[in-house]
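Q: Listed below, chain by chain, are the residues.
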Amino acid sequence: MSATLPVVQPNPTLLDQLLQEQQQLTAVEEFSQWHQGDADHDAPAQEQYYRQLLPATPPGPGQQLAFEVDLDACSGCKACVVACHTMNGLEEDEAWRKVGTLVIGDEDPATQDPATPPIDSQQSGIAAIQHVTTACHHCEDPGCLNGCPVKAYEKDPITGIVRHLDDQCIGCKYCTMMCPYEVPQYSDRLGIVRKCDMCYQRLAVGEAPACVQSCPNEAIKIRIVPTGRTLDSPELSTLVPSAPASQITSPTTRYVAEQPIDPRLARPQDDRMDVVAESHWPLALMLVATQVGVGVLVCESLVAGVAAIGGVAIPATVTLIAAVLGFAVSHVGLGIAPMHLGQPLRMWRVFLGLRTSWLSREAVVLGKFVGILALGIGLYALPELENYLDDGLPSWLPVDAIPSWLGRAALLGAIVIGLAGLYCSAMIYIATQRQLWRPARTLPRFFGTMVIGGAMVSASLMAFAGFSAAASWLAVLGVVCLIVKLIGEARLFGETAVDGDTYDQRSRNLIHKRLVKSLRLRNWLAYVSIVFAVVGAFTVLLLAGFGAGLLAIAAASLIFSECLERILYFQSVVHDRMPGTL
Amino acid sequence: MSLAKENDLTKPVDAEVKRPVRLPQLLQARTGKMTRQLLLEPGRHGLGMTHASMKADQTTTATCGYCATGCGLRLHVRDGQAVGLTPETQYPVNLGMACPKGWEALEVLDADDRATSPLLRAGKGQPQERVDWDTALKTFVSRFKAIQEQHGDHSVAFLSTGQIPCEEMAYLGALAKFGMGMLHGDGNTRQCMATAVTAYKESFGFDAPPYTYDDFEQSDCLVFVGSNPCIGHPIMWERVLRNQNDPEIIVLDPRRTETAMAATQHLQLQPKSDLEVLYAITQVIIENGWIDRDFIEAHTNGFEALAKHVQPYTPEQVAQRSGLSVHTLRRAAESIAHAKAASLWWTMGVNQSYQGTRTAQAIINLALITGNIGRPGTGANSITGQCNAMGSRLWSNTTNLLGHHRFESAEDRNRVASILGIDSQRIPDQPSWSYDRIIEGIKNDEIKGLWVIATNPAHSWIDQDQCRELLDQLDFLVVQDMYHSTETAVQADLVLPAAGWGEKEGTFINSERRYGLLKKVRKAPGEALADFQIFRAVAQYWGVPEMFEKWDAPEAVFQTMQELSAGRPNDLTGIDGYRQLDQCGGIQWPWSRDDAKRHRTPEQQRRLFADGKFLHQDGKARLIVERPSPMPEAPCEDYPFLLLSGRGTVSQWHTQTRTGKSLVLGKLYPQNPYVEIHPHDAKQIGIANGDGVTVISRRGKVDVLAMVTPTVQSGQVFMPMHYEVTNRLTLSHFDPHSRQPSFKDCAVAIVPRVS
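Heads up: the protein sequence lines correspond to chains A and B, in order.
Residue numbers for the first sequence, in our numbering: 1 to 582.
Residue numbers for the second sequence, in our numbering: 1 to 755.
Everything labelled a hint here was simulated from the structure, so no lab data went into it.
Just so you know, not all the hints are guaranteed correct.
Unchecked claim - Once the Cα atoms are required to be at most 20 Å apart in a straight line, the calculated EDC-like pairs of lysine to aspartate or glutamate come out as:
hint	chain 1	residue 1	chain 2	residue 2
1	B	Lys55	A	Glu91
2	B	Lys124	B	Glu469
3	B	Lys33	A	Glu94
4	A	Lys195	A	Glu182
5	A	Lys513	B	Asp691
Said to hold, decoys possible - Residues from chain B that face chain A, not an exhaustive set, calculated with beta carbons under 10 Å:
hint	residue
6	Gly84
7	Gln605
8	Arg606
Cβ atoms here follow ideal geometry from the backbone N, Cα and C, with glycine treated the same way.
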């Protein structure tokens, strides 16, 4: 029937009409009036559902507000995540809440006889999935707040809510390391972190936080909890199985369930699924640079001291060059570091966190380090300058009043402060309480770089200055220390390595799965450095200029190698996390 | 506002608390541009504190366009356009809650891959190119007419959806069959609830899910068979948790799902032993005389045959095969029998099975013989999948003639023809082929042209590789969709850009028979048109505009639907237009003119069969049984695992054409396809959690990640259907009665993948 119909020339206006109709929005005219009826009624409609999920009064002294999550009620729908995202007007991919999953069950095949499939689950033991919704835990001792160098966090004295001051944040991301729960989220667009504030603005008018309002199963509540709890009992040692140790920050969220989860049977769904952490490359370069910088000063002073004991005086020019070199390297590092800041213009407030933040301390101490070093350089440079200028130095400069030892004193002062700065650098990472960044893992690496880098760089410097023996000894020192450092690393990261705890194993897996190229390059550059340094150490005694060149190559490849090592330090850091998903 | 001040939870009761000294703004910036970005203000309209981006000058409510729960979403409207949404507090379905998909319903409308103009492929192998609507529609008509001329009218077919409103389904069905002369058309609803339809029709005499969501709250024993509402229908689970009776919850599922965990009894049966398990439970109930004799006598047929049939299915017999203990089976039977109000619910675990119809009927039988129907908290209740699967059952004009009439009945054809004002000769006297038969028709060169509307067979159809090949064999494939990037749209010769949910009007019917309204609150992108408008244009270009003259707006079709429903079990003549639907929070069918006269407003929670009158001629329900059959592709030495498939997370919808567009939803599920495998099996194969594996069936081979979890049984593996790869493995087989694909049973092998 229809097949016999001709193709009809249509009414040309129909399509226009349809397209035009499509752009007309009718819902408001036709249907919204009825809803508009309660426009002036300000009480939130949802209140009827969430009223009993909030405390009746604000917390009193010795109390604070906290999330309480009923694990039995949570069915894993994750509406809380999207409601938080929507109702708080977050960015397209920003979420302050996260829901992970614990897989619970007996993993040991010995208890499961494969020949006979289990006769129903109730008899064969438990197997279960437990979704875990998590946001900021508004800790009693917040890592983010303690770490923040600019006081961009505050813990509200009444509610205990940990709030982030978005306009104060410099985007250093240190809080993302200090928070064991990965709560602060960095936004590339804004250049700052943001985080859950328990919907402070809603609580201030008696409304429930978005997640509380939106949970179909009423699994999230706000409760008043006493502060100053002790975390001695083992049940309190982590929020849920596999979570970070609660003693780090004393989180206040409570996860309640009729039957507690046996941590021996639970593992996160993303078990063994560690991801490569951020490289923080500006920080890696900064660390290596400042460490090498201080190392150069240390080595120069060492050589000068030994030489003085032997009755030889190192020319002031050599000292000056060493100081300038140390200064330049450190300064390059300190110059690169702010590149990782999202809001570098706000950086001047970095001293505000001195009382609690190692980052603040590092910034201030290393700042002083380059200051004093600059003074030392100035003092050493004065005579040179005098020779250089035709008219000599201006007469108002009390050149004669400056004692000759002051330059050396300034350099020694710079070394002491520099060492303190390096210690602060190390403490930045140690303070996160990540197992792989513990003192025994961090201090040898950081100060190792200082010694090795300092020795290698000053070896080539001494070689160029004609102090072949010193250069040779320094090169040997550098090589020996580097070999020790490499052996230590090989025992942890090497393909056949067996040392270490589960963190080391996870980190090793991660490196071999994802970062093996970096690891190989780091090692290869180190071997190049060793070969050149060894050959250079001998050659310099015979052919000073050529030897110096070899040592310079050794130093350069060492510095590259150490930068890679430091990037690996950041990228391969695995740590306890709240349960995630595959 | 005064109320709010009293409730301030951030100010101390006694104002004595000492605040630490605050640094000046210069040193510590407590306010500023960035802080203001997250500022909340009183939203009025009952919204509470609201972010500026969602500040509304009006609100209106629309039914969600994802699943059949049919939640009410409160749209925040500013200057006529929706700027955000929150779940509607007053809506009787969801009581102020929504799942993540609903929360993000507007977000996915702004995706970059929205189809904004028609796309035409000049010839096979050529790229798709933008064309204007005039060219697109002329090509549409000339190509389809040419095919019909050459191969007969019936060689062009359509595949529709459960995702568009009733009015559009009715228009499409009428246009395709009465206007364009097609005979065959089916919907993706074949994949989700055909089994429930067939089971209800045979048992009750009409496709009539009898329940209302209030039954979740009223029941004291809820039985979920092949159903995981925690993940599939989280807002229904919300209603279960609101049940104050401390109910017994019995879950039949081979996996230890979220719902199974929350159950008081989890019957972790072997896959496809469900029919036998239900017969065993029936056997125990009959043997112990725990039946409602009066009800059986008065309201059912076939009890003797049922009793005889289930006799051999003793718990002892069924225990071994099902992997359940005798005790477990008996206890479940006892709980169901002794409940004051037991309700039995099923979803895709039952529907997507080669013996699904009989399994669903075994559930219906249990409800009938224990008298658990027609009372609060009871029923044999199919939980439907898509937002308008229920609408498609009544209005798609595919298996049934519009409004659940019969194509085979001359009387029905005449009635429909007279209401539509068309010649009854234009109405075919036989129903459409089912989906699988249409696909087979392509293979047999019986179908040469196909019009696909709002569905994605190249991803979702069972044995996907074969389906894709067949789609490529078509002379002309038209895909009408919101997105030009769906797996099917990229295969199309012509893509017609469609407006989506929120950009058009119409009604959906949810799982509890509730008509809900959708609203036009967003402008469609580019030249995209509502499916309704596209059908109007096609009618015009095809040369049959006069046939649909009355249907100039969705509400006009709704009026026709009302006329068609008059005097029938699904009567909706009492509904006073869209406006009343909006005011009442949706209205459940039936709501006849008589009902409307008797009551001023429809009650919000109504269930069927309170009077024990079923819809067969004799007013009785039928108890239907059949011998279970073995699964066609059981695991063997070469393919040692049984692959189950299903919903993965709440945040993923079907083939992800919409949900895949939301970045925040993307954070809520694994980005890579994965297979769930028992720790014992993983160890045997030598894989660990997160490792890459290859899953191989007789039809395909796919690379996925291993998720090692004891929630699947040893010997079984599970893959979510949302990832494109899954259906490359599945075995094409069907329930013989409902023709629904049996997605959840095929044999696979798993080998580690070397990375």
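Q: Each hint needs a verdict: does it hold in this structure or not?
A: Now for the hints, and whether the structure bears them out:
no.	hint	in the structure
1	B:Lys55 to A:Glu91	holds (16 Å)
2	B:Lys124 to B:Glu469	holds (13 Å)
3	B:Lys33 to A:Glu94	holds (19 Å)
4	A:Lys195 to A:Glu182	holds (10 Å)
5	A:Lys513 to B:Asp691	holds (11 Å)
6	Gly84	holds (7 Å)
7	Gln605	violated (18 Å)
8	Arg606	violated (23 Å)
Taken one by one, the earlier hints fail for this structure at numbers 7, 8, listed in ascending order.
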